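Read off the chains here:
There are 2 protein chains.
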Amino acid sequence: MHRSLVFAGVVCLVAVSAAILLRPAKIARAASANAPIYLANGEMVNPTNYREWIYLSSGVDMSYSEKPANMTMFDNVFVNPEAYRSFQATGTWPDKTMMVLEVREARDKGSINQHGHFQGLDVMGLEVHVKDEKRFPGKWAFFDFDKPTSNGTLIPSGASCYTCHAAHGAVDTTFAQFYPTLLRVAKDKGTLSAEFLKDEAAHAAPATK
Amino acid sequence: MHRSLVFAGVVCLVAVSAAILLRPAKIARAASANAPIYLANGEMVNPTNYREWIYLSSGVDMSYSEKPANMTMFDNVFVNPEAYRSFQATGTWPDKTMMVLEVREARDKGSINQHGHFQGLDVMGLEVHVKDEKRFPGKWAFFDFDKPTSNGTLIPSGASCYTCHAAHGAVDTTFAQFYPTLLRVAKDKGTLSAEFLKDEAAHAAPATK
Chain A
1 MHRSLVFAGV
11 VCLVAVSAAI
21 LLRPAKIARA
31 ASANAPIYLA
41 NGEMVNPTNY
51 REWIYLSSGV
61 DMSYSEKPAN
71 MTMFDNVFVN
81 PEAYRSFQAT
91 GTWPDKTMMV
101 LEVREARDKG
111 SINQHGHFQG
121 LDVMGLEVHV
131 KDEKRFPGKW
141 AFFDFDKPTS
151 NGTLIPSGAS
161 CYTCHAAHGA
171 VDTTFAQFYP
181 TLLRVAKDKG
191 TLSAEFLKDE
201 AAHAAPATK
Chain B
210 MHRSLVFAGV
220 VCLVAVSAAI
230 LLRPAKIARA
240 ASANAPIYLA
250 NGEMVNPTNY
260 REWIYLSSGV
270 DMSYSEKPAN
280 MTMFDNVFVN
290 PEAYRSFQAT
300 GTWPDKTMMV
310 LEVREARDKG
320 SINQHGHFQG
330 LDVMGLEVHV
340 KDEKRFPGKW
350 AFFDFDKPTS
360 NGTLIPSGAS
370 CYTCHAAHGA
380 VDTTFAQFYP
390 TLLRVAKDKG
400 TLSAEFLKDE
410 AAHAAPATK
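Those protein sequences? They're chains A and B, same order as listed.
According to this note's numbering, the first sequence is numbered sequentially starting from 1.
According to this note's numbering, the second sequence is numbered sequentially starting from 210.
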């Protein structure tokens, strides 16, 4: 997840935004309040309590392409407590893991702040990366939330967010390399992916002529 | 708390760093694992599980003085869940509130990130703002943690962090103006301080010749 989803997902978002339909009232409730809940039309119910989940990290203006971001924004990532505790014990993610990426406005001047940036009231994007082994052929899926309070639309499995996370995710297609407390656990448990270790080795290798 | 403590607190930190003593084994346990615990010498026991508390917000390179920060750093703020829930209901802080400021290294290039900053493994500072009405004459106190795992040293009540928070804190001497989800609650509950509202009015007023 993380900003790859924001940037690589732009095409996806345009493609799916037209597919936002009326919400059926029938909801297939999951066992836990912190597990994914889907509507009959395949949408994901908004996990409105995600700000009370476990915080993983924040970035500012992150971009995985050569082009920098055109405005300052923060991204905050949260995970459901059950998945976090499992990761602490095992170094990887259990079924029903939900990671929420919240993109939030950055403000500079305000109150007594003179330099740098702090976070404002506006949530500018919301996305979920969910592990649901029986539901998705690739085990994981991305959902985009058109508004902070709306339900989520599935991003099709061929989208670049999936291929990028598979090619570079440090643990089980997630960008644990950007979540410092998890990265330490994954190192200790030996669960870093072959793809990530290959990227790290390439960074560490001296440049050739 | 927040970066006023980092910057206004520099003098405090130098003054108290010489006072770090051997840790007495006797600990006055509090009723809750998320409530402050003090040693016989007045130090605060490190709330090592703060990363599992409620996340409030992050900033990057924030500075309340005219001088900008000389390196890029993130600050993350967490609060104990009991205090967070009370704030949601009342718009202000209960006794035994503990807010943790974690200052963390910022990294730019790494893995597939090309622009912006993400958070690294190094915790560069750790401070607590605690409300303990019977223990501190001003109800609140600041503690500095010399290392991420050490116990905390009380910052003397005359330090500039106290006066700055009293003069500008949006809610009960805390910088709720930088914690977007709390700012919204405080606005709704009408608990914003007179000091903060005065600052806001000054910002909103047109400049005079």
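Mixed in with the good hints there might be a few duds.
For lysine-lysine, the following DSS-like pairs were computed, each having C-alpha atoms within a straight-line distance of at most 25 Å [stated by the list, open to error]:
id: 1; chain 1: B; residue 1: Lys356; chain 2: A; residue 2: Lys187
id: 2; chain 1: A; residue 1: Lys96; chain 2: B; residue 2: Lys318
id: 3; chain 1: B; residue 1: Lys318; chain 2: A; residue 2: Lys198
id: 4; chain 1: A; residue 1: Lys109; chain 2: B; residue 2: Lys356
id: 5; chain 1: A; residue 1: Lys187; chain 2: B; residue 2: Lys396
For the record, the hints were derived by calculation from the structure and aren't laboratory data.
Computed from a predicted structure; not experimentally measured.
Verification of the hints:
1. B:Lys356 to A:Lys187: holds (22 Å)
2. A:Lys96 to B:Lys318: Violated, at roughly 31 Å.
3. B:Lys318 to A:Lys198: holds (16 Å)
4. A:Lys109 to B:Lys356: Judged against 25 Å, a Cα distance of about 31 Å means the pair is violated.
5. A:Lys187 to B:Lys396: violated (43 Å)
Hint violations for this structure: numbers 2, 4 and 5, all remaining hints satisfied.
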